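*Asks:* Numbering (my numbering), first residue to last: 25 to 165.
These are computed hints drawn from the structure, not numbers from a lab.
Just so you know, not all the hints are guaranteed correct.
[Said to hold, decoys possible] Here are the simulated distance ranges between beta carbons:
(1) Ala163 to Pro79: 38 to 44 Å
(2) Arg129 to Arg153: 37 to 43 Å
(3) Arg110 to Trp150: 17 to 23 Å
(4) Arg87 to Trp150: 21 to 27 Å
(5) Phe83 to Glu164: 44 to 50 Å
(6) Glu120 to Glu144: 20 to 26 Å
(7) Thr66 to Ala134: 18 to 24 Å
(8) Thr124 to Asn100: 20 to 26 Å
[Stated by the list, open to error] Taking lysine-lysine pairs in the BS3-like style, the calculated list, with each CA pair at most 25 Å apart, reads:
(9) Lys73 to Lys141
(10) Lys151 to Lys141
(11) Lys151 to Lys73
(12) Lys151 to Lys98
(13) Lys73 to Lys98
None of the values given here were measured: they were computed from a predicted structure.
From the three backbone atoms N, C-alpha and C, an ideal C-beta is built for every residue, glycine too.
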Amino acid sequence: MENLSELPGPGVAPGRHILTIKMRSASLDPMPAPRTDVIQGTLDLLILKTLSLAPLHGFGIARRIEQISRDVFKVNPGSLLTALQRLERAGLLDAEWRSTDNARRARYYALTRAGRKRLEAETTDWKRRSAAVFRLLEAEG
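Whole structure, please, built from the sequences with the hints as guidance.
*Replies:* The following block contains the structure:
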């Protein structure tokens, strides 16, 4: 059976994939947290932004995304690893093995110059698209 996480969703351009990020409810609502489909490039944007703040290892990246999003996003470790490998192959990240604070070895990632340029371009595009969605949501007829 094919891995469903690698199959493009409806309305997704060929070559693009859907990544599901589990959403946590910010309220005390007893209902299970909703799930949302996010285009894979959004995870890339979150990783690039997180690494623009400081070099981190994979677990640190996931933790930082959870903290900054106030636990709205929980990143799947497998999806994170795949994205980090893809970004490194694309020349957007540098990686090196280092010791963590608790004396374990981990692969630390940092943005390259190309990574900073990509972050800037994707941030501009994301702001443009999210503003358009907001305008549509606020439209009254």
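*Asks:* Which of the numbered hints are not met once you compare them with the structure shown?
*Replies:* Violated hints: none; all satisfied.
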